[in-house]
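Throw the hints in and build the complete structure from the sequences for me.
Numbering-wise (my numbering), the sequence shown opens with residue 1 and increments by one.
These are computed hints drawn from the structure, not numbers from a lab.
Don't take every hint at face value.
[To be verified] Label pairs and their in silico Cβ distance ranges:
#: 1; residue 1: Ser947; residue 2: Gln558; range: 50 to 56 Å
#: 2; residue 1: Gly721; residue 2: Ser947; range: 29 to 35 Å
#: 3; residue 1: Ser947; residue 2: Glu696; range: 21 to 27 Å
#: 4; residue 1: Gln814; residue 2: Pro165; range: 50 to 56 Å
#: 5; residue 1: Leu680; residue 2: Met934; range: 17 to 23 Å
#: 6; residue 1: Gly818; residue 2: Arg128; range: 52 to 58 Å
#: 7; residue 1: Gln931; residue 2: Glu694; range: 41 to 47 Å
#: 8; residue 1: Arg746; residue 2: Gly721; range: 22 to 28 Å
#: 9; residue 1: Asp747; residue 2: Asp499; range: 14 to 20 Å
[Claimed, not checked] Simulated crosslink set (BS3-like; lysine-lysine; CA at most 27 Å straight-line):
#: 10; residue 1: Lys119; residue 2: Lys105
#: 11; residue 1: Lys751; residue 2: Lys432
#: 12; residue 1: Lys131; residue 2: Lys432
#: 13; residue 1: Lys111; residue 2: Lys143
#: 14; residue 1: Lys966; residue 2: Lys1004
#: 15; residue 1: Lys403; residue 2: Lys432
#: 16; residue 1: Lys305; residue 2: Lys966
#: 17; residue 1: Lys343; residue 2: Lys324
#: 18; residue 1: Lys119; residue 2: Lys138
#: 19; residue 1: Lys704; residue 2: Lys403
#: 20; residue 1: Lys105; residue 2: Lys138
#: 21; residue 1: Lys119; residue 2: Lys131
#: 22; residue 1: Lys966; residue 2: Lys833
#: 23; residue 1: Lys723; residue 2: Lys403
#: 24; residue 1: Lys704; residue 2: Lys432
#: 25; residue 1: Lys403; residue 2: Lys324
#: 26; residue 1: Lys131; residue 2: Lys143
Remember, it's a predicted structure, so these values are computed and weren't measured experimentally.
We treat Cβ as the ideally placed atom computed from N, Cα and C, and that holds for glycine.
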Amino acid sequence: VLPGALVDVAKHLGNLGFRVWEKMRDRVHFTPVTLDPNTASGWLCLSDDLTGVRAADVDMALHPENPERFTLYSNVLGSEGLVSGVHSWEVEVGDHPDWAIGVTKGSADRKGARHASPKYGVWCLLHRGVKYTNGSGKRLPLKRAPRRVRIQLDCDRGEVSFYDPQGMALICAHRDTFAEKSLATSTLPGFQHLNLGSPPHADLQQASRSPPAPHHNYVYENSITAPSCHANWSSQFPAGYCSSSDALHANPTHQHTQGNLSGLFQTAMVVRVSQEALHPGSQGLDRSGAAQSPSSESRYGLDPKILPSAVRVMAEDRAEWEGKVYVSGPDSSLPPLATTSCKIDDRGSASPRAVRSTMYRVPCEAQAARLSRLPLGALVSPLARRGHGEGPLPTCCEPECLKGCGECGASMCPAMSWQDCGQRFYCPFCGKLNDVPWQYYQPTKGVEGVRDEAAVLLLALDVSPSALRAGHLDFVTRQIRSLLHSLHSEDGCSTEPPDLRVGLMTYDSRVHLYDLSPALSRPHMLVVTETEDLQLPVREGMLVSLKDCVDCIDSVLQLIPLFSPEGEDSHGVPIELPIRAGLAILQAMSCPGKLLLFHTAPLTEEEHAQLSGFFGSNKPKSIFQPSDPAVSLASECVNQGCGVHLFMLSQQDVGGAWPGNVPYLTGGDLYVYNHLQGELERQCFSTDLRRTVEAEAVYKARLKVHVKLRVSGCFGLFVPGDKPSQVALATLDWRTTLAVELAYLRDLDEKRGVAIQVTVTYSDPAGQRRTRVHTLALRCSRHLLDTFRHCQAQALLAFYCKKMYCAVLECPLQDVRGELQAEVTASLACYRKHCSSACVSSGQLVLPQHLRPLPVYINSLRKSEVLLPGLRCSVHQRLQLRCQPRCVEDCGDACLSDPADGLRCTADSLEQGGLYLVSGPLALLLWVGSQTKMSALDNSLSTRVCSLIDMLCSQAPYARKLWVVKQGDGCEEALQRHLVEDKSPNGGASYADFLYHLHINSVKLLQ
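Given below as structure tokens:
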């Protein structure tokens, strides 16, 4: 502040938090308190957001002398005068020995000596040592020392009341006539801290001259968030904190960890079924009876309960956005988290469901971006589902729309600006001006283009001796028959497109093709023995409309289980054989489609031993590297639009013979079963089969990214191409998400911002060629603080997960984990140096507001079994976990009501008398405490739990089994792997220890 200048209070009052509270005042019945810097004593130091104050070590000589400022006493007033109505706010006083809080009239003397009494226009509550007084000399006998005081000002009745919020006991009251406006006042004798950062709470706490211990202070960026209820609500941040420049210094002894959880990325979802809900009227166990685990303890004395909680952050975001509408425009704020159910209104910028940026304030300078160490990129889901209540995407026919930029090929979008009355337009991706052809001033009707062939469904069944002797072919064929009949009902109506064509083949060491032409009296089988260079003997009848061949396929499927085994298949059957046969059929018919393989025979790996890949390559050895033949075969499938879905009916844990590379590289899936033994596995197979066939997908997708920056990398499951900005996919559905990394070519213009456009061209199931365009407009900033404030931990986690899971193909796992930790450490060090207050001591951890859960996310990713394998995790499980990471999914209203209360993933959250549901990547676990009393199954609680389980299973791309784990059983280790905040069985550090090392290393970088 310049000498002689006053602070523009109106400018500070325009912050988002104050506006939120202004709008919510009528609902919550609390008054937001913002401090007036022009009244603060020179011995006080206010935070940048004017919601916190601390005692300065020396007199702040830079404070201009003005009539409003207190000079004799360490006082500060609120910025807004109150003249009518009822107003209320709370102050957290803790156990501090000296303080005075209340209201004062606007004309009170601020220069001379006075007493804090109504005689001088001050109505307050004073505390000195162990004595409480009302300012008039009357001592107040209190049974307990309140840690929080509620102040209520009734201007109309002329009354100021002080209450203890716990029980709402009246402490004292002042009655007077308020002829002029009144202001909130606080007095800080000595060295104390006062914070009004989260209305209606203000925190008053003792300050120490010496730096605190590293594990006794945590710092979060200041924010004001709306409460979840109207009264008696707890602070959105830890109950004891003081505000400084862009940060909150938190006292970790009062953190509240309750919240609702709908899903985590790479972590388990723990849902508590309360004991009181099981047995109404019963009392829950004391926390001493909780399931204790030595892995929950920190080696450095940190209490895990006071650490930033991802569950709490998601609950806060849900309380802020759920049921509201987020307007997605060029100037929009941070979008809701992926775990929040919210309606999106597209106003010229892509929905966060389709494109979510890692930062929503891009640094203008490349040097600043490198300094922040934050990844600049976007998460792209081209076919993301529309939310409930959102309208369909608008469709524009080709003759009616302008193609876009002729220089870079970007499609027309709202980010392009018109010039010269619409005769030219500016492209923000390449900076060129484009002329508009005259035809668009005199539009003519174009000729409809030729459609591609419609997508088909091709079935391939293993009839090798191993498959015939296994005894499950009869069940598999019955399920396929039932599915085909459901797709084509008896009255001739089909749930699929009317021209859906279906093909069938079987294989062992040979390939058996079936001519299903309706002109034949019965189907014909063609045996192909020359499988090296497979050629189709005929084409007609290989793919026939379902309505014409449903009876023919039904008869063939009934005969397949009756085949007699011929010889032995000790050498196994190569999985590439049926894939190449199916690909040959699709190539001959010039059509895309889904290829469903039902394989049982042992897999062969002889050919891989002499080829490049895991066994023969000069590259670093990695179990995640697909072999060159698998990549080549997948590339052919991508060009044809063939999505491979493999159903492995026999579980084989052989490290070098994993069959999932081709399915996942073509947009398909891998489903593994143990010979379909038991009713549970058969139910899973039926569910997976129906989901695979009925899932909506597009084919021959070509994705391209246009941006003024440079696309330096693209991460996901696909066959790499020549350019990272262009990706080819065989099939694409709404679950497919890619991560795009960007790099600077030149500095950006703060006024123009930056736009990211993702175009995906594809063929729909009917063969119509379409292009979907998503354009995300981002603002630029020259301040790193804006960049950090506009980043979200969930988006960074998803980006890092995609990037690191691709890095394991080339780098050792230890290097990948080290790189991940180094990136986050450097980013936090940058924020500490350039964005936090200078008064932050080395013992305080500094975290940006929206990145509070980033450490627990990063630690859970480092400890995932992909990057840190465990003793009981097979190679196949790790490969499948890499290809099927747990997506952030909103669980809907069922997870927000009883009995589903979200909990932190730690053993301390589990009570011996409770039931807990854990939603993991591959299975659901129901943990039963040792002292849980089992009640009748047929009750309302059981019904709600079953509904929750069904909903979680329906959201997964594959059927998940439900495992019941009892406390103390040997299988309890399966649950411990999901408790990511504890020390993992595979050796991963606990959340508390990781956070400690993260803080220490970030401080060392600045020394």
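Against the structure, the hints come out as follows:
1. Taking the beta carbon of each, Ser947 and Gln558 are about 38 Å apart, not inside 50 to 56 Å as hinted.
2. For the pair Gly721 and Ser947, the supplied restraint of 29 to 35 Å is violated, since their beta-carbon distance comes to about 44 Å.
3. Ser947 and Glu696 have their C-beta atoms about 25 Å apart, which keeps the hinted 21 to 27 Å range intact.
4. The hinted range of 50 to 56 Å is satisfied by Gln814 and Pro165, whose Cβ atoms lie roughly 52 Å apart.
5. Distance hint for Leu680 and Met934: a CB-CB separation of about 21 Å, consistent with the stated range 17 to 23 Å.
6. Between Gly818 and Arg128 the Cβ separation comes to about 55 Å, which falls inside the hinted range of 52 to 58 Å.
7. About 44 Å separates the C-beta atoms of Gln931 and Glu694, a value consistent with the hinted range of 41 to 47 Å.
8. For Arg746 and Gly721, the Cβ-Cβ distance of about 25 Å falls inside the hinted range of 22 to 28 Å, so the restraint holds.
9. Roughly 53 Å separates the CB atoms of Asp747 and Asp499, a value that falls outside the hinted 14 to 20 Å.
10. Between the alpha carbons of Lys119 and Lys105 the distance comes to roughly 11 Å, so the proposed pair stays at or under 27 Å and holds.
11. For a cut-off of 27 Å, the pair hint linking Lys751 to Lys432 stands: about 17 Å separates their Cα positions.
12. About 74 Å separates the Cα atoms of Lys131 and Lys432, which puts this hinted pair outside 27 Å; it is violated.
13. Taken as a hint, the Lys111 and Lys143 pair is broken in the structure, with Cα atoms around 37 Å apart against an allowance of 27 Å.
14. Distance check on the hinted pair: Lys966 and Lys1004 sit about 45 Å apart at the alpha-carbon level, beyond 27 Å; violated.
15. Taking the CA atoms of Lys403 and Lys432, the gap is near 15 Å; set against the 27 Å cutoff, the hint holds.
16. Only pairs whose Cα atoms come within 27 Å are accepted, and Lys305 paired with Lys966 is accepted, the gap being roughly 25 Å.
17. With a C-alpha separation of about 7 Å, the suggested pair Lys343 and Lys324 falls inside the 27 Å cut-off, and the hint holds.
18. Between Lys119 and Lys138 the alpha-carbon distance is near 14 Å, which keeps this suggested pair within the 27 Å criterion.
19. For a cut-off of 27 Å, the pair hint linking Lys704 to Lys403 stands: about 15 Å separates their Cα positions.
20. As the CA atoms of Lys105 and Lys138 are separated by approximately 21 Å, the hinted pair is consistent with the 27 Å bound.
21. A hinted pair counts as satisfied when its Cα atoms are at most 27 Å apart, and Lys119 with Lys131 qualifies at roughly 21 Å.
22. Pair hint Lys966 plus Lys833 does not hold up; C-alpha atoms about 48 Å apart against a cutoff of 27 Å.
23. Taking the CA atoms of Lys723 and Lys403, the gap is about 22 Å. The hint holds against a cut of 27 Å.
24. With a CA separation close to 19 Å, the supplied pair Lys704 and Lys432 stays within the 27 Å bound.
25. With a C-alpha separation of about 35 Å, the suggested pairing of Lys403 with Lys324 is violated against the 27 Å cut-off.
26. Proposed proximity of Lys131 and Lys143 is supported: the alpha carbons are some 12 Å apart, at most 27 Å.
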